[in-house]
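Residue numbers (full-length UniProt numbering), protein chains in the order written: chain A, 1 to 441; chain B, 1 to 251.
Check each hint, because a few of them may be wrong.
Stated by the list, open to error - For each label pair, taking beta carbons as the anchor points, the in silico distance ranges come out as: (1) B:Gly215 to A:Ser38: 51 to 59 angstroms; (2) B:Arg190 to A:Val128: 37 to 45 angstroms; (3) B:Gly208 to A:Asp334: 49 to 57 angstroms; (4) B:Glu135 to A:Gly19: 44 to 52 angstroms; (5) A:Ser28 to B:Gly215: 34 to 42 angstroms.
Treat the hints as calculated values from the structure; they're not laboratory data. Where a beta carbon is used, it is the ideal one built from N, C-alpha and C, also for glycine.
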Amino acid sequence: MMMLQHGSTQLLCLTASSGVPLFTRGASKQLPFSVIGSLNGVHMFGGGQEVVLSSCETEGGGRVVWRVFQDSVMLIAVSGGGQGSGGGQGGAGGSKEEEVRLQRLLENVWSCMVLVLGQDELTNVRNVERLKRDLRSCFSLIDQLLEDRQEGILGNLTHCADSLLPPNPTLLQEAVDGFAQASDSEFGCLIVHGRIAAATEKWWRLAPQEVVLLSALMRSLSASGSASCDYPVFLPQGSPTVAHRLLRFQLLPGADVCVLCGPTPSLHRAESGIVGRFWTPLVETLRDCLAVGERCLPPSVSLRPDVLALLLINRETRRSVSCVRTLTNHPLGDPPLPSKARCWELLKLFYIFSTTRYFTQEEALCVSPEEKAQRGNTEDFVLGFSHQPLQCYLVTEECKSYGLQTPQHQLFLLIPLSVPTFALRTVATQTLSDIVAAPGF
Amino acid sequence: MTQVPPSSGSIVVADWHRCKDSKEYFSKILHKKRRKNFGLLESPVMPPHVAVDTVHYKIFISGKSGVGKTALAARLAGLNIPNMHYETTGIETTVVYWPAKLRENGRVFFFRLQLWDCGENALRRFDHLLPACKEQVDAVLFLFSFTDRTSFDDLSTQMAKWTGTPAGRVVKLVVGTKFDLFMHCDVAERDVRDFQEKWSLPVLRVGGEVSDGLGDVAPLLNCLAENLWHQDCVTAESARHHSQQDTGTLL
Ligand SMILES: Nc1nc2c(ncn2[C@@H]2O[C@H](COP(=O)(O)OP(=O)(O)OP(=O)(O)O)[C@@H](O)[C@H]2O)c(=O)[nH]1
Ligand SMILES: [Mg+2]
Chain A
1 MMMLQHGSTQ LLCLTASSGV PLFTRGASKQ LPFSVIGSLN GVHMFGGGQE
51 VVLSSCETEG GGRVVWRVFQ DSVMLIAVSG GGQGSGGGQG GAGGSKEEEV
101 RLQRLLENVW SCMVLVLGQD ELTNVRNVER LKRDLRSCFS LIDQLLEDRQ
151 EGILGNLTHC ADSLLPPNPT LLQEAVDGFA QASDSEFGCL IVHGRIAAAT
201 EKWWRLAPQE VVLLSALMRS LSASGSASCD YPVFLPQGSP TVAHRLLRFQ
251 LLPGADVCVL CGPTPSLHRA ESGIVGRFWT PLVETLRDCL AVGERCLPPS
301 VSLRPDVLAL LLINRETRRS VSCVRTLTNH PLGDPPLPSK ARCWELLKLF
351 YIFSTTRYFT QEEALCVSPE EKAQRGNTED FVLGFSHQPL QCYLVTEECK
401 SYGLQTPQHQ LFLLIPLSVP TFALRTVATQ TLSDIVAAPG F
Chain B
1 MTQVPPSSGS IVVADWHRCK DSKEYFSKIL HKKRRKNFGL LESPVMPPHV
51 AVDTVHYKIF ISGKSGVGKT ALAARLAGLN IPNMHYETTG IETTVVYWPA
101 KLRENGRVFF FRLQLWDCGE NALRRFDHLL PACKEQVDAV LFLFSFTDRT
151 SFDDLSTQMA KWTGTPAGRV VKLVVGTKFD LFMHCDVAER DVRDFQEKWS
201 LPVLRVGGEV SDGLGDVAPL LNCLAENLWH QDCVTAESAR HHSQQDTGTL
251 L
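For reference, chain A alone in the conformation it holds in the complex (with noise of 0.2 angstroms):
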C-alpha cells in the first residue's frame, strides 16, 4: 500500500479512549478518514491482545508509527518513504532510520503540545471541541517539527542542543548569569543563529528535551523578527501543569536572550531596565559572536582541509556542535561532492545508523519502558558484543562516513570520497582534538 507521496509525512492525533480525531498535520493531500480509522483501529486491536502496535513499514516504502501518551492522546505519523535515502547512501537511509525519525518526531510533539498547553489540559479532557480548538495554538511549532527545514540544526534529532562556541565565552557567561539574576531567575539562555552560545548552569540541568524544545520556540520567535516576547510555557518535564513565563530579547538580529521566570519582573520592566544594563557594553563581543555564523567554531578552531561536514556531542553536558563545510571540489575525474543540504541530510543519516547499531545513547531514541521491554533488537545488538564499539565507519557513492566514541565525546564525520578509507581514523581523531582543546567543549 502506497498511502502518501515520497518524501512526506503526516502526523495524527486522536484521543486514546474513542480514536476521535483531533488534528492531522503535515503533507498536501491528506489521508481518507476510513484509513486514519483504520489506523487507530489496528492499534486498538493489538491493545485488545496485550500487544503494543508501534511500528510497522508498507510495501510501499512507507511507514507508520503509532505511540500513546498519558493514556489519553494517540500520535500517529505517516510517512510515505524514501525520505532522505535517495541515492547511493545504501546502509544510512533505510526503513530503520525512517521509524527512528518518526519515534523522535512523535515524542517531540507531544512535548510541544505539553509546552504550549500544559498536561492538565491534554490528559483530562472534558471537552473535546474546546481541546481541538486549543490545540491549534501548536500548529506553529509542530509544523516548523514536520518540515524541519532550517539547515544545521540537528537536537531536534538527537536531543543534545545545537551550540556554538563564541569566541569570547567569559563575558557572555558572566552578562547571562547577571542578566538571569536581576530578572529573579536561575535559567537563562543566550541564542546566536539559533543555537545556544552560553546558558546559565540551571539551563543545563533542564532535562534535554526541554532544552531543545526551548531552543526551538526561541528560534521560531527570533525568524519573526520581534523585539521581545512574554510567552507562558510549560516544561514537559519539570513543570508540566504550572506554567513559566519565558522573556526573550532580540538584542541584535540573530542574537536572542531568554529566562524563564515567575509572575516577575514585568517584560516592559525587564525590558527597559535590565537588558541594557547587561548588554548595552557587550555589543561588540555579541556582533564577534554572530560573525561565528553556522560554522559554530570560533575562528581559533581551523579543521582540517578534508572534513566535509561534522556533529560533536559532548556526552555530559549533552551539547553539540555542528557544522558543514563549502569544500572546493577537487581535480577533474574525481566524483562531485554532495551538496550542503545533503550533507545535513547524510549527517542525519548517519547518526542514526551509528547510535541505533553501534554507539550507545544516554537517552534511549524515543522508547516508552514498556516498549523498550518489547523491542530491544538494537539494544540486544549492541549487547551482543562483548566490548563496546569505539569507531565505525561507512563508504556510500556520496562520500565516507566516520564515527567515534570516546567517553566523552561522539564526533559524526563526512568526508569526501577521494580520501583514502585507511586514513579516516587519523582524519577524525585530529577534528576531534582540534575542536576540544576549544574551551567549554
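Position chain B with the ligands relative to chain A; hints supplied.
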C-alpha cells in the same frame, strides 16, 4: 472625557517620506531598499551635527483571533508578513522607528513605536497577559477585518473596555484589515463612515502587497505619531495647569 483627535496632517507633515528633505532620515530605517530590523541594543544613528530626539511609545493591538494583529505588526515594521494563521501564544512586541516632521516648527523626531501583540486565545487562557499589555500603554489599535462582520460589530464592546481607564489618556485608533480581499468584503463603506462619525475616531485601512515599504504604512504611522504627539501636548498642558493650581493652593 472624549478628546477630539487632530485632523489628519495638521500636526505631522503628511507624506513626508516623499519629500527630499526626509531622505537622510528615512535612509536610517532602510537597508538595501528594505526596512531595517533593529535589535533592542540598536537604533537609527544620525550624524552628530543632526541631533534628533527619539520619543518612545507603547501601543497595544487589540482584536479577535485571526483578525490580523500579528500581520499588522509585521507590516508596520517591514518584516515578513505571515501568510498562514498561527495563533500567537503569548505577548510579542515589535519595534518600529518612524521619522516624522512637525508642521508647527519643522522639528523632526524619531518615533519609537513599540507594538504589543498578544494572541486572543492566549489572553483568555492566561490572566496575567492583559495587565502586562495595559501597563503604561499610550495607544490602542482596535482591529476589525473587512472579511469578518462580527469583528466589526464587536468593536464597540472592545472599546468600551478601554473607556475610563485609570491609566490616564490613551490614543485610540481603529484599523480595518484585509481591505485587499474586496471579493469577500463583509463590511460596507457606509457602515465604516457611520461608525467613524459616531465615535469620532480615525479609521484606517490596510491590506494587500507591501509595495515600496514606506508608502503603504505611512498613513497609519503618521496618524499614530500625530495622535500620540497631540496627546502628549494635551497632557503636558493640563499637568502645567494642575501644578499651577497646586502651587496656588500651597501659597
Ligand atoms: N489578504 C490579507 N490577509 C491578511 C491580512 N492581515 C492578516 N491576514 C491573514 O489573516 C490570517 C491571520 O492573521 P494573524 O495576524 O496571524 O492573526 P492574529 O490577529 O494575530 O491572530 P491571533 O494571534 O490568533 O490572535 C493570516 O493568514 C494572515 O496572513 C490582510 O491585510 N490581507
Ligand atoms: Mg497573532
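Cross-check of the supplied hints:
1. B:Gly215 to A:Ser38: 51 to 59 angstroms: Once the Cβ atoms are compared, 55 angstroms apart, the range 51 to 59 angstroms for Ser38 (chain A) and Gly215 (chain B) holds.
2. B:Arg190 to A:Val128: 37 to 45 angstroms: Roughly 42 angstroms apart at Cβ, these two residues keep to the hinted range, so it holds.
3. B:Gly208 to A:Asp334: 49 to 57 angstroms: At roughly 51 angstroms between Cβ atoms, Asp334 (chain A) and Gly208 (chain B) fall inside 49 to 57 angstroms, so the hint holds.
4. B:Glu135 to A:Gly19: 44 to 52 angstroms: holds, 46 angstroms
5. A:Ser28 to B:Gly215: 34 to 42 angstroms: Cβ of Ser28 (chain A) to Cβ of Gly215 (chain B): about 36 angstroms, so the range 34 to 42 angstroms holds.
Of the numbered hints listed earlier, not one is contradicted by the structure.
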